[in-house]
Amino acid sequence: MSEKVLMKGNEALAEGAIRAGCRFFAGYPITPQNEVPEYMSWRQEEVGGAFVQAESELASINMVFGAAATGTRSMTSSSSPGISLMQEGISYMAGADLPCLIVNMMRGGPGLGNIAGAQGDYMQATRGGGNGDYRVLVFAPYSVEELGNFPKMAFEVSEKYRIPAMILADGILGQMMEGMSYNFEPVDPKTLKKPSWALGVNDGTRKKNNVSSYGLAEGELEHMVLKRAERYALIERDEVRYEERFTEDADVILVAYGISARAGLAAVKMAREKGIKAGLFRPITLWPFPTKRLAELAQKCKAMLCVEMSLGQMIVDVKLAVNGKVPVTLHARPGAFFPVAEDIETAIESTLNGKKEQLFTLSDLAAKATNTCAKPSDTICKEGTLL
Amino acid sequence: MPKIEVDEMRCKGCKLCTKACPKGCIAMSDSFSRTGYYPAKLAKPEACIGCGMCYLVCPDLAITVFK
Amino acid sequence: MKPITKRPESLVDIPTHYCPGCGHSVVHRLIGETIDELGIRNRAVCVAPVGCAVFADKYFNCDGIQGAHGRGPAIATGIKRANPDTIVFSYQGDGDLASIGMAETVHSAVRGEKITVIFINNTIYGMTGGQMAPTTLVGQVATTAPHGRNPLLQGYPINVSEMLSQIKAVKYIERVSVDSPQNVIKAKKAIKKAFKNQVDGVGFSFVEVLSICPTNWHADPLKALEFLRNDMMKQYPLGVFKDEGKTQEDK
Chain A
579 MSEKVLMKGN EALAEGAIRA GCRFFAGYPI TPQNEVPEYM SWRQEEVGGA FVQAESELAS
639 INMVFGAAAT GTRSMTSSSS PGISLMQEGI SYMAGADLPC LIVNMMRGGP GLGNIAGAQG
699 DYMQATRGGG NGDYRVLVFA PYSVEELGNF PKMAFEVSEK YRIPAMILAD GILGQMMEGM
759 SYNFEPVDPK TLKKPSWALG VNDGTRKKNN VSSYGLAEGE LEHMVLKRAE RYALIERDEV
819 RYEERFTEDA DVILVAYGIS ARAGLAAVKM AREKGIKAGL FRPITLWPFP TKRLAELAQK
879 CKAMLCVEMS LGQMIVDVKL AVNGKVPVTL HARPGAFFPV AEDIETAIES TLNGKKEQLF
939 TLSDLAAKAT NTCAKPSDTI CKEGTLL
Chain B
10 MPKIEVDEMR CKGCKLCTKA CPKGCIAMSD SFSRTGYYPA KLAKPEACIG CGMCYLVCPD
70 LAITVFK
Chain C
3 MKPITKRPES LVDIPTHYCP GCGHSVVHRL IGETIDELGI RNRAVCVAPV GCAVFADKYF
63 NCDGIQGAHG RGPAIATGIK RANPDTIVFS YQGDGDLASI GMAETVHSAV RGEKITVIFI
123 NNTIYGMTGG QMAPTTLVGQ VATTAPHGRN PLLQGYPINV SEMLSQIKAV KYIERVSVDS
183 PQNVIKAKKA IKKAFKNQVD GVGFSFVEVL SICPTNWHAD PLKALEFLRN DMMKQYPLGV
243 FKDEGKTQED K
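Residue numbers (my numbering), protein chains in the order written: chain A, 579 to 965; chain B, 10 to 76; chain C, 3 to 253.
For reference, chain A alone in the conformation it holds in the complex:
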């Protein structure tokens, strides 16, 4: 246990990774996570690790691919557009069954977007923007303390199942400063057992090791994918993490992760003061998603309200989990604008009083929008099908 210190999110994360035994970092500058590579550029040297500023995010993830293959705890960090560039590399790491840590400090998108915090990459993280059937572990911290302590957990679960791990945070968490402390003893990577599959100096006690992600013989790839899926099933059964506040008697349960959960918690407290029985369910693992617990909670509450800094991505998983048992609505702040507790509190009330204030649906948006597109000509519509 370390002393309590005031730290910036990005730096707490970097220090947390070092303390967890991370000895290889490759990254490329992108706002709002530049403090991570900058911190690593001097801290890795202090612990005898390696830091490389790569020529791109694409190169970064491939350097992690190589370093992780040697059994070294390896990490990269970036923000949304850079994570897009890494998708191929993440798919390769998943296909090669390599553990590693990838950090996404989300910012507004799509495209260049802006540099403020956002939560628009949930689908990219949990469904995977890379090709093929794979998953990555996705951990969502909501405080500087969690940012500092999650890397150790991420590396451990990643190595246990040989699956890449992602910490999905956002620009606000990365830039803010809070008191925090590390709740674990620093790990000396030399005390960690070298995996049997790792590349490196062969002292004659093993066969050669090959790391790759392909299977070209007949039936080989199907076998590989199914074997991997078995591990995914174990993860879904054993590695779900979440936090609940005031849910025991809640009528309305907010579902939010990361910084949205902080605003959501404030809104829940405001609602309780008004006599509304609100609660907060905070998924900590976004994959594996806490489907089972949400389904249980849906048996007792009247409604769920997702709070997301996006057009609504996690809400899909919430709806799947509750399977129609309760209505699930959305308070959305896409385009990297911070959700405000008072607005969320209004949304909580809307779920109970039937109003639509501070609730968000695309159909409502469409109803309000003026249609500036030209009407399709009648001749086209006559024969064609409506999209």
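Everything labelled a hint here was simulated from the structure, so no lab data went into it. One should not assume that every hint holds.
Keeping only pairs whose Cα atoms sit at most 20 Å apart, straight-line, the calculated PhoX-like set for lysine-lysine is [said to hold, decoys possible]:
{"id": "1", "chain 1": "A", "residue 1": "LYS870", "chain 2": "A", "residue 2": "LYS880"}
{"id": "2", "chain 1": "A", "residue 1": "LYS852", "chain 2": "A", "residue 2": "LYS933"}
{"id": "3", "chain 1": "C", "residue 1": "LYS8", "chain 2": "B", "residue 2": "LYS12"}
{"id": "4", "chain 1": "B", "residue 1": "LYS24", "chain 2": "C", "residue 2": "LYS225"}
{"id": "5", "chain 1": "B", "residue 1": "LYS76", "chain 2": "C", "residue 2": "LYS8"}
{"id": "6", "chain 1": "A", "residue 1": "LYS880", "chain 2": "A", "residue 2": "LYS855"}
{"id": "7", "chain 1": "A", "residue 1": "LYS785", "chain 2": "C", "residue 2": "LYS225"}
{"id": "8", "chain 1": "B", "residue 1": "LYS76", "chain 2": "B", "residue 2": "LYS50"}
{"id": "9", "chain 1": "C", "residue 1": "LYS188", "chain 2": "B", "residue 2": "LYS76"}
{"id": "10", "chain 1": "A", "residue 1": "LYS786", "chain 2": "A", "residue 2": "LYS772"}
{"id": "11", "chain 1": "C", "residue 1": "LYS4", "chain 2": "B", "residue 2": "LYS28"}
{"id": "12", "chain 1": "C", "residue 1": "LYS4", "chain 2": "B", "residue 2": "LYS50"}
{"id": "13", "chain 1": "C", "residue 1": "LYS8", "chain 2": "B", "residue 2": "LYS50"}
{"id": "14", "chain 1": "C", "residue 1": "LYS248", "chain 2": "C", "residue 2": "LYS194"}
Since chain A is already given, all that's left is putting chains B and C on it; use the hints.
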């Protein structure tokens, strides 16, 4: 008397050895091997000097040189 | 009488999938001999590309890894920096090294990564069926340049060795060929030097090897040799472009 032996299961009939041999002792076989290629063979054993030029250019390590 | 030639121990005793006459197989043998002679089999790591040599790491009796197209030098960087005791070599073709991977190639050289890069230049994309490569010659026909490479539309072929020799941290660059026995001997020397540099901790070492591609040039191997000797060697002269040992600054 130096000689070469061609492993017919490895030779892919590329003919590079025929050109590399300074004494022109290698030629391609008229019949094909079990792998479907027309392998090289030591057509003029008396001319072989065991220089190993054929071994150097052979992509498939199909040739062993004896001296 | 006894055999005076043998298969290197570092080369797995299986037939390869390479086409008859392909230069890849020759270079694999030279690398296998090098790994044997330098006694580094227990710590060599082969980084295989995407391309005809995608299975390269399966042919060597040492650790290997196969990664995304063009990323070999970045993967090698990760391996070498995480485990400096390994002898890492990135084995790549024209598309891998000079097209999609050009940034990784240049920047691993700029950073002076202590790795060995072996570049097989056959002026064409082999595995995918003969498309134009950055190294395809002007007028040379490819499936994506059916009238021959037109400099007005497709630019000129790139001389990677010359280009990389401008980079300060690069220690050794040589272009060789495996078309004749004499050139194969020189190629072996260059490859061995590029590996020995890594054993001695000298710095970024790069060997470009000219090779025929009979299948995608639509020529039998002997005819393909003529194209290599008469045309390729004019565009890609053989020779040493840089050869530095450890300098005062390195120590």
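Mind checking the alpha carbons of C/LYS248 and C/LYS194 for me, to see if they're no more than 20 Å apart? Cα-Cα ~17 Å, so holds.
Quick one, are C/LYS8 and B/LYS12 close enough, alpha carbons at most 20 Å? The hint holds at about 14 Å.
Measure nothing beyond the straight line between the CA atoms of B/LYS76 and B/LYS50; if it is 20 Å or shorter, mark the hint as holding. Holds: B/LYS76 and B/LYS50 sit about 17 Å apart, inside 20 Å.
Would the hint linking C/LYS188 and B/LYS76 be met if the CA-CA limit is 20 Å? violated (24 Å)
C/LYS8 and B/LYS50 were given as a pair; does the straight-line alpha-carbon distance stay at or below 20 Å? holds (18 Å)
Given the hint that A/LYS870 pairs with A/LYS880, does the C-alpha gap stay at or below 20 Å? Satisfied, since the Cα-Cα distance of roughly 17 Å is no more than 20 Å.
Would you mind confirming whether the straight-line C-alpha gap from A/LYS786 to A/LYS772 stays at or under 20 Å? holds (15 Å)
Measure nothing beyond the straight line between the CA atoms of C/LYS4 and B/LYS50; if it is 20 Å or shorter, mark the hint as holding. holds (19 Å)
Hint consistency between A/LYS880 and A/LYS855 [alpha-carbon to alpha-carbon, up to 20 Å]: holds (10 Å)
Hey, A/LYS852 versus A/LYS933, does the alpha-carbon distance stay inside 20 Å? holds (17 Å)
Pair hint outcome, B/LYS76 versus C/LYS8 [Cα-Cα no greater than 20 Å]: holds (13 Å)
Next pair to validate is A/LYS785 with C/LYS225; report whether the Cα-Cα distance is within 20 Å. violated (42 Å)
Checked against the numbered hints given earlier, the structure breaks hints 7, 9, 11 and satisfies all the rest.
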